[in-house]
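Participant: Let the hints inform the model, and build the full structure from the sequences given.
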Amino acid sequence: MSHRAKMAIGILVVAVLVAAFYLPGLVRHVFRLARPERTEEQAQREVTQPPVITPTDVNVKAKIFWASTTSPGILEPVEVQLPLSADPVQRSRQLINALITQVPAPEQRTLPADTTLLEFYLLSDGTAVADFSDSLSAATPSGILSEQMAVDSIARTLAASVEPIGRLKILIHGQDTETLAGHLDLTGFFLVRAESPPAAPTPPAAPGRKAAASGLTPPAAPGKLAH
Amino acid sequence: MLDPAHGGADAGARGANGVLESEVVLSFASQARAALERQGLRVLLTRQGNENPSFDDRSAVVNGQRGAIFISFHISSTGPTGTARVYSLPPVSRASRPPSPTGTERTGLALWDQAQDAYNVLSRRLAELVQIQLAQRFRGSPEVPATAAVRQLRTVAAPAIAIEISSVSVPNRNPLEQMAPALAEAIVRSVADFQTVYEPGAK
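Chains as they are written, first to last, in our numbering: chain U, 1 to 227; chain F, 1 to 203.
Keep in mind that the hints were calculated from the coordinates and are not lab data. The beta-carbon is built from N, C-alpha and C at its ideal position, and this holds for glycine as well. There may be inaccurate statements among the hints.
Chain F side only, calculated, beta carbon under 7 Å to chain U, not exhaustive [to be verified]:
1) T78
2) R154
3) Y198
Straight-line alpha carbon distances no greater than 25 Å define the calculated SDA-like cross-link-like pairs of lysine to any residue that follow [stated by the list, open to error]:
4) K169/U with D113/F
5) K169/U with Q114/F
6) K169/U with F55/F
7) K61/U with S85/U
8) K6/U with V16/U
9) K61/U with V16/U
10) K169/U with R38/F
11) K61/U with E163/U
12) K63/U with V27/U
13) K63/U with V16/U
14) K169/U with N172/F
15) K63/U with F21/U
16) K63/U with P83/U
17) K61/U with D134/U
18) K169/U with T127/U
19) K169/U with G40/F
20) K169/U with Q102/U
21) K63/U with Q81/U
22) K61/U with R93/U
23) K6/U with R28/U
24) K6/U with K63/U
25) K61/U with K6/U
26) K63/U with D176/U
27) K169/U with A115/F
28) K169/U with D134/U
29) K169/U with T70/U
30) K169/U with W112/F
31) K169/U with F138/F
32) K6/U with H29/U
33) K169/U with D56/F
Facing chain F, a subset of chain U residues (Cβ under 8 Å, in silico) [claimed, not checked]:
34) V103
35) A105
36) P106
37) Q148
38) E178
39) G182
40) D185
Facilitator: Okay, structure coming up:
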């Protein structure tokens with residue numbers, strides 16, 4: 001065998017060894033590229049908002065309030081099977097996460113997709129404090145109707161499944177914010193359940209009847225901020 | 001007092017085709033002003049051009065007028081196109097409010113942040129009258145007004161409502177501009193009706 005042939009065989013052997021070393025990594029990379037890419041929103045959510053799982057979780061049908069597909073400007077409850085905690089704080093977190101992430105159809109969305117619930121507190125007087133990421137303020141469509149539906153969907157979803165909450169305070173990134181997206185006042189509290197908390201007297205109900213009959217949210221209903 | 005919302009750097013709702021809430025509401029308010037002045041009423045606007053007074057600046061203008069009413073104009077981002085909704089603040093509830101400084105009850109002074117409290121019932125009545133007129137002119141609009149915690153209304157010491165027209169998601173401004181005359185007419189009619197319950201001595 002000539003010297004040249006020996007050199008060629010040697011180079012080939014080295015090449016095969018190098019290929020054998022890198023091939024598994026290359027295959028893994030190809031498979032990773034073939035998988036659908038996570039959106040930035042999903043990646044952010046995995047970091048900031050892991051699924052809330054507690055030892056007391058029980059699968060129940062919870063009512064989540066999203067925008068109606070048939071009546072524009074109205075919220076409708078959708079029954080969703082969810083593992084819900086017995087602890088009201090964890091339960092509230094699970095419900096709000098579902099409200100954001102399990103929207104049946106895009107046109108039913110009331111809260112921006114990339115909104116995350118940063119913190120949730122429940123005080124002894126029935127006051128809940130929900131602290132959302134900036135996206136709630138920045139990405140909610142500007143307008144009285146859309147902002148009202150955003151808050152209403154949170155308040156009514158909590159009212160349907162969390163007993164001790166009487167009123168709700170919304171913070172944006174830990175801050176008291178003047179408006180949600182230019183219209184709806186966030187400086188006060190939104191009624192979640194008018195009759196529930198000890199510190200929450202029932203508001204006057206006089207002008208609400210007509211609105212309730214027409215399908216509009218009456219003045220004293222969950223989500224309403226009264227002054 | 002007519003209040004074209006937003007203005008300046010705050011354009012309000014923005015349509016995909018470039019329709020800006022701040023521009024259209026200024027046009028609505030200008031046409032409503034002309035229609036009301038033809039009835040002999042004195043009308044002020046919270047902004048004349050593309051400036052953006054704060055919520056409190058706008059409230060200060062109306063709170064300095066005796067016997068005024070306040071109508072704030074808005075265009076929504078969503079909702080059925082060509083419809084109009086009227087809002088007043090919900091009824092007063094201590095549960096929904098942060099604690100007040102002590103002593104105000106004894107002096108009888110009204111807190112700036114709660115200026116709308118005393119006008120809640122009148123505002124609701126004005127909202128009902130305007131919504132009835134709008135429902136007759138804009139098909140698909142609700143027949144009764146809604147309540148919502150509209151920030152601008154909270155500091156107004158006068159009967160105060162917000163009108164929101166749907167929506168900026170139109171191809172251009174024309175469909176919205178075409179609503180302006182009927183909107184102005186509805187406001188003229190409802191303000192005339194409201195004067196009978198608001199002006200002292202009137203029936």
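Participant: Please go over all the hints and tell whether each is borne out by the structure.
Facilitator: Now for the hints, and whether the structure bears them out:
For T78/F, the shortest C-beta to C-beta distance to chain U is roughly 5 Å, which falls under 7 Å, so the interface hint holds. Look at R154/F: its Cβ gets to within about 6 Å of chain U, closer than 7 Å, so that hint holds up. With a least beta-carbon distance of about 17 Å to chain U, the hint placing Y198/F at the interface is violated under the 7 Å criterion. Of the supplied pair hints, the one linking K169/U and D113/F holds, its CA atoms being roughly 17 Å apart against a limit of 25 Å.
The straight-line distance between the Cα atoms of K169/U and Q114/F is roughly 18 Å, inside the 25 Å bound, and the hint therefore holds. Taken as a hint, the K169/U and F55/F pair is honoured in the structure, with Cα atoms around 21 Å apart against an allowance of 25 Å. A C-alpha spacing of about 13 Å is found between K61/U and S85/U, which places the hinted pair at or below 25 Å, so the restraint holds. Restraint check for K6/U and V16/U: the C-alpha separation of about 15 Å stays at or below 25 Å, so the hint holds.
For the hint linking K61/U to V16/U, the alpha-carbon distance of about 59 Å lies beyond 25 Å, and the restraint is violated. Our distance criterion of 25 Å between C-alpha atoms is broken by K169/U and R38/F, whose separation comes to about 45 Å. Note on K61/U and E163/U: the hinted pairing holds, with a Cα-Cα distance of about 15 Å set against a maximum of 25 Å. Restraint check for K63/U and V27/U: not satisfied, since their Cα atoms lie roughly 45 Å apart, outside the 25 Å limit.
Between K63/U and V16/U the alpha-carbon distance is near 61 Å, which puts this suggested pair outside the 25 Å criterion. For the hint pairing K169/U with N172/F, the CA-to-CA distance comes to about 38 Å; that exceeds 25 Å, so the pair is violated. Pair hint K63/U plus F21/U does not hold up; C-alpha atoms about 55 Å apart against a cutoff of 25 Å. This hinted pair checks out: K63/U and P83/U have alpha carbons roughly 13 Å apart, not beyond 25 Å.
In summary, the hint linking K61/U to D134/U is not supported, as the alpha carbons are separated by about 30 Å, beyond the 25 Å threshold. Between K169/U and T127/U the alpha-carbon distance is near 7 Å, which keeps this suggested pair within the 25 Å criterion. Under the criterion of a C-alpha separation no larger than 25 Å, the hint pairing K169/U with G40/F is inconsistent with the structure, at around 45 Å. With a C-alpha separation of about 23 Å, the suggested pair K169/U and Q102/U falls inside the 25 Å cut-off, and the hint holds.
As the CA atoms of K63/U and Q81/U are separated by approximately 9 Å, the hinted pair is consistent with the 25 Å bound. With a C-alpha separation of about 16 Å, the suggested pair K61/U and R93/U falls inside the 25 Å cut-off, and the hint holds. Under the criterion of a C-alpha separation no larger than 25 Å, the hint pairing K6/U with R28/U is inconsistent with the structure, at around 34 Å. Taking the CA atoms of K6/U and K63/U, the gap is about 76 Å. The hint is violated against a cut of 25 Å.
Taken as a hint, the K61/U and K6/U pair is broken in the structure, with Cα atoms around 74 Å apart against an allowance of 25 Å. The hinted pair formed by K63/U and D176/U fails the criterion: a straight-line CA distance of about 28 Å is larger than 25 Å. This hinted pair checks out: K169/U and A115/F have alpha carbons roughly 21 Å apart, not beyond 25 Å. Annotation: proposed proximity of K169/U to D134/U holds, straight-line Cα distance about 15 Å (limit 25 Å).
Of the supplied pair hints, the one linking K169/U and T70/U is violated, its CA atoms being roughly 30 Å apart against a limit of 25 Å. Distance restraint check for K169/U and W112/F: the Cα-Cα separation of roughly 21 Å lies within the 25 Å cut-off, and the hinted pair is therefore satisfied. This hinted pair does not check out: K169/U and F138/F have alpha carbons roughly 35 Å apart, beyond 25 Å. The straight-line distance between the Cα atoms of K6/U and H29/U is roughly 34 Å, outside the 25 Å bound, and the hint therefore fails.
Taken as a hint, the K169/U and D56/F pair is honoured in the structure, with Cα atoms around 22 Å apart against an allowance of 25 Å. Interface hint at V103/U: violated, since its Cβ lies 15 Å from the closest Cβ of chain F, which is beyond the 8 Å cut-off. A hinted interface residue such as A105/U counts as satisfied when its beta carbon comes closer than 8 Å to some beta carbon of chain F; here the least separation is about 14 Å, so the hint is violated. Evaluation of the P106/U hint against chain F yields a violated restraint, the C-beta minimum of about 12 Å exceeding 8 Å.
Because the closest C-beta pair between Q148/U and chain F is about 5 Å apart, less than 8 Å, the hint holds. Satisfaction of the interface hint for E178/U is found here, the shortest Cβ-Cβ separation to chain F being roughly 6 Å, below the 8 Å cut-off. Restraint check, G182/U versus chain F: the minimum CB separation of about 6 Å is within 8 Å; hint holds. Hint status for D185/U relative to chain F: holds, with the closest Cβ pair at about 4 Å, below 8 Å.
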